[in-house]
Amino acid sequence: MIFRLLMLMLCVTMSCSAVEVQVIANKDLSVTSLGSDDLSDFYLGKRKKLPGGGNATVFTNADQDETERFLDKYLDLTPAAFSASWKRMIFTGRGIPPTDAKDDQDMIDIIKRTPGGIGYVATGTKVDGVMVLIISK
Amino acid sequence: MSRYPLLACVPCLLTGAAFAVDTPAVDIHGYVSQGYLNSSKNNYLGDSQGGTFDFNEAAINFQSQLTDDLRVGVQLYARDLDGVGGDQVGIDWAYADYHYRDELGFRVGEVKVARGLYNEYSDLDLANPTVLLPQSVYDERLRDFLTSCYGGSVYGNIPMHEIGSIDYEAFGGSQTIRNDGSVNAFLASGLYNIDGTGATYSTNSASLQSMYGLSVTWNTPLRGLRVNGSFIQFNHLDASGQVSVPTGFGPNASYPVSFEITKGQNVVAGAEYLKGKLRLAGEGTLWNMDTSYSSPLFGGAVPGVTRWAGWYLQAAYQILPKIQLAGTVSAFYENRLNRSGSNFADPRFGYQKSAALTVRFDPVTWVALKAEGAFITGYAQMFNQDNPNGYDGNTLLLSLKATVSF
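Chains as they are written, first to last, in my numbering: chain A, 1 to 137; chain B, 1 to 406.
I should point out that these hints are in silico values taken from the structure, not numbers from a laboratory.
Quick reminder that beta carbons are idealized off the backbone N, C-alpha and C, glycines included.
Treat the hints with care, as some may be off.
Unchecked claim - Some but not every residue of chain A turned toward chain B, in silico, with C-beta under 7 Å:
| hint | residue |
| --- | --- |
| 1 | 69 |
| 2 | 73 |
| 3 | 76 |
| 4 | 78 |
| 5 | 83 |
| 6 | 87 |
| 7 | 88 |
| 8 | 90 |
| 9 | 91 |
| 10 | 92 |
| 11 | 93 |
| 12 | 126 |
Claimed, not checked - Pair ranges (Cβ atoms, derived):
| hint | chain 1 | residue 1 | chain 2 | residue 2 | range |
| --- | --- | --- | --- | --- | --- |
| 13 | A | 115 | B | 221 | 28 to 34 Å |
| 14 | B | 86 | A | 126 | 55 to 61 Å |
| 15 | A | 113 | B | 313 | 15 to 21 Å |
| 16 | B | 265 | A | 124 | 57 to 63 Å |
Just chain A, with the same shape it has in the complex:
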């Protein structure tokens, strides 16, 4: 019995830690894939022009855990380093920080109605009306 409980707990833990994030984008985006460096540059406010034309508008998720996973996987940054980077931008007038979506559903809704919109949601979330953006290394 105890063994089964331990196995169950292990499975739950593995399941929780395995929750990944996927990058989504407005369906009218001029590209279907991005390099990870491009994605990083958009999120850090260094670039805004999409390879196929138009401006990228990026959004962050108010869910701190999800944002931490996104930053770790795609930008190789901690939330603190990401925040510090944007503080630098804000207080030197170099840019306006990404807007927070309240949750995954809100993120999808925002991306749907924002031309050039790019965001992220938990893998497995239904992403009707937006496209999953392929991020290459």
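Add chain B to chain A, keeping to what the hints say.
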């Protein structure tokens, strides 16, 4: 930071933001920082012996994205450090930014001075792991001179494919030199007690003809590693004032003094590596300035040259989600051609070396608390007017700072 010329632009910018397009959003952010300095010996960056709270800053900014490519913004800023700034509200930056392409953008107005890796953020406590940026390169005594200039800049990011990308910014313009700012403090230190009887100096007027510069950063293919080089030149920085000499009886005798830097140049080169919780940085800087003092007190003009140099190495690591540790070693040389300081009666006036350890605690994302201990040897960056009784041994400096932002 200029005080008045662009203040008139604030309502124009915000009004423009309100009417240029349908209800544009105005993004508002700000912060307030309060610091504390306490040194075991020698006053540094103020009356630090015995402790001083004369170390604070606050800012509020407004930005609006008028179109996809056009943004305007202004930041009001006040600070005080050893009396410099005096908590007077002025404009830190105020400009229109036209982002034509990622490779080419333009800013017009009062723009930040792009210098080294961190000069543009030197006002911003939140962005830095330490209380004081390494003073060998980011000298607090020069901050109001190096913060911004009114004019414009051209900037961009150029992809280099397999070898990364290049960020560049070229700026040019001028600035208002305050009578009670950095320039005055430097002159007051240089002329302090010049006659051996306690003479003091104050500036009546100061001006700068022009300054311009270029900063280039190579974002290397190794993500997180960037290498920067920057250059600044300024021309005809002039100041005039008077030296007041105690006569021992009646009013002080007053002598006019004029000072000029005909040409000044500064280069900074360095690199930063960010990897997860680790941040490594190192930079070096060189200054060349051709100077001239002129006063009946000296019997005419006294030409001079300034050849400062400095470097630092810094490592910061986030040991816990809300706690970061940073260690910094740095050195500043009054004359890079004589780093031992042997041309001074006391060689310790020829350099200032320090080793510092900082703990930063961010209990929430909008609060940063820092504590820093530094061991300092040498007096090259200390002001004589802050140390009227002379200097003594090495200095332990405790710095604390709390910042709240929104």
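Does the closest beta carbon of chain B sit nearer than 7 Å to the beta carbon of residue 73/A?
Since chain B brings no Cβ nearer than about 12 Å to residue 73/A, farther than 7 Å, the hint is violated.
When the least beta-carbon distance from residue 126/A to chain B is tested against 7 Å, hint result:
violated (30 Å)
Range hint compliance [Cβ, residue 86/B to residue 126/A, 55 to 61 Å]:
Distance hint for residue 86/B, residue 126/A holds at roughly 58 Å.
Holds or violated: the hint that residue 78/A contacts chain B, with Cβ atoms closer than 7 Å.
holds (6 Å)
Hint residue 88/A vs chain B: min CB-CB distance below 7 Å?
holds (5 Å)
Grab the minimum C-beta distance from residue 90/A to chain B and call the hint holds if it beats 7 Å, violated otherwise.
The hint holds - residue 90/A has a Cβ within 7 Å of chain B, the shortest such distance being about 5 Å.
For the pair residue 113/A and residue 313/B, does the Cβ-Cβ distance stay inside 15 to 21 Å?
Violated, since residue 113/A and residue 313/B (Cβ atoms, about 48 Å apart) do not stay within the stated range.
Close enough to count: is the Cβ of residue 83/A nearer than 7 Å to one in chain B?
holds (6 Å)
Using 7 Å as the Cβ threshold, decide whether residue 69/A counts as touching chain B.
violated (14 Å)
Interface hint status, residue 93/A versus chain B (Cβ within 7 Å)
holds (4 Å)
Assessment of proposed distance window 57 to 63 Å (beta carbons of residue 265/B, residue 124/A):
About 58 Å separates the Cβ atoms of residue 265/B and residue 124/A, which means 57 to 63 Å holds.
Does the closest beta carbon of chain B sit nearer than 7 Å to the beta carbon of residue 87/A?
holds (5 Å)
Of the hints listed earlier, those the structure fails to meet are numbers 1, 2, 12, 15, in rising order.
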